[in-house]
Structure formats: structure tokens, C-alpha cells
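Peer 1: Number 124 in numbering that gives the first Met the number 0 belongs to position 125 of the first sequence; there are no gaps in the numbering.
Check the hints yourself; a few may be wrong.
As the list claims (entries may be wrong) - Derived DSSO-like pairs: lysine-lysine, alpha-carbon spacing no greater than 27 Å straight-line: (1) 66 - 52; (2) 123 - 80; (3) 123 - 191; (4) 52 - 10; (5) 24 - 194; (6) 52 - 194; (7) 24 - 191; (8) 10 - 194; (9) 194 - 123; (10) 10 - 24; (11) 66 - 123; (12) 80 - 66; (13) 10 - 66; (14) 10 - 157.
As the list claims (entries may be wrong) - Ranges between beta-carbon positions, derived for each pair: (15) 199 - 135: 28 to 38 Å; (16) 60 - 204: 24 to 34 Å; (17) 98 - 22: 28 to 38 Å; (18) 204 - 135: 26 to 36 Å; (19) 102 - 207: 43 to 53 Å; (20) 115 - 209: 34 to 44 Å; (21) 199 - 22: 16 to 26 Å.
Calculated directly from the structure, the hints in this document are not laboratory data. Just so it is clear, CB atoms sit at the ideal spot from N, CA and C, and this is done for glycine as well.
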Amino acid sequence: MAAQLDYLTIKEIFLRFQAEEAEPKGELEHTNAFTLLVAVALSAQATDVGVNKATRALFPIADTPQKMLALGEEGLIQHIKTIGLFRNKARNVIILSQILVDQYGGEVPSSRAALQSLPGVGRKTANVVLNMWWGVPAQAVDTHIFRIGNRTGICPGKDVETVERAIEDNIPAEFQHHAHHWLILHGRYVCKARKPNCPVCLIRDLCPFEEKTL
DNA sequence: ATCCCGAGGG
DNA sequence: CCCTCTGGAT
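Could you build the full structure based on these sequences and the hints that come with them?
Peer 2: Printed below as a string of C-alpha cells:
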């Protein structure tokens, strides 16, 4: 775990991210709150490219919990069986759809407690929906953010709860809302798990990490 | 700590 | 072959 960076260094990092991309977006395709929730749930241990490939055929016929229930678990499996963990995900999405219809008027709830009570929706997925749909400054810690937080020292921690708190404590308020996508995209395309591309990194001079190969 | 679990990259 | 991908439930 890298030592925590100081405040001015972290601020400079996010100024550079902001200069490069002022309004970073996630890459999971969706058309409404329900399809966002489903897409995020499907994205566990899967790439967004793989999820989008499946949802481009799925969402046109099942973009509401009612339509998802009409499609049914077996029908859903046929759409998502190219995604890892598809059996658990299909079961969760069907049960979750039934709960939305029965308890939330077919709408996606806006509280973390309600979101996390849904099957297949944990803290990370709930935080993504809160941030992206409801505009709540919730910090979702996924594999990318956990890795980068520790490599760079922006938000280090030995578990996701610690990293989530470090994000809230260390990142200046004006960057909190977009921090999630800046860090995700940096992790996906530059600070990759297996072969980080340090030579093209925007914050190389501020980062204590250098991959030791050889 | 373990299971779930396909696709893509190296 | 092995590792990784916007994790969650038991």
C-alpha cells in the first residue's frame, strides 16, 4: 500500500483529470434507472464491453421490471449467458424486479438501504446508482478504484470500507462527484491491473508507483 | 474464505 | 496456460 499523498498533490491530480475530461461518463449503456440498476448488477466481475453486448439486445425488450418479469428467468439467461456468473445474476434480477413491482411501484428506490435490500445489490452497486442516477455523492469502490487508490496513494486502504472513507476524506469536495469515473477510466485504460501504461500516464510525476518488471 | 463463471488478453 | 473484469451472498 502506497503512503497517502498530501492534499495539494491530490488536488493537482484531479485538476489534470478535469482538464482532460470535464464530464467523465461511465460506459455502461442504459436508458433509465431500471436499466442502469440491472446493467450495474450484471457488471460484477465482468467487463462493461461484455455487459453492453448483452444488454443491447436485452433492454429493448425488457427496460422495466414488468417487462423483465414477462421475459422470465430462462429468457433472461438466454440473453446474459455470455456474461460470467449469469445464473446468480439472472435469478437476482428477476427477484429484484418482482420486489420493485410489489414494493416500490415499479420504480428504482433512491435510498441506499432500499437499494441494498435488493438481491444482488451490495454497497458498490448501490453507490453507483446513487451517484449516477440520484446525484448523491456516494463513492463506489470497485476493483479499479481499490487498485489505483493503493498504487497512487490517493485513497489507500486494506479493504473497500477504508478506501471509501479515504476518498471522502482525501479528495477535495469539488471533485467528489466525478472522482468515481475519473478513477475508473484511468484504471481501465492506463493504470491497468496487469500491465500499467506508466509512460503515457497523466500523473506519472506525482505517483509513487512504478511497475517493476524484469 | 469460498463459490459463482464466460469472454478477452497476454 | 493464467489473470482480470465497475461483486455479492453464504
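Peer 1: Which of the numbered hints above does this structure break?
Peer 2: Violated hints (numbers, rising): 4, 13 and 16; every other hint is consistent with the structure.
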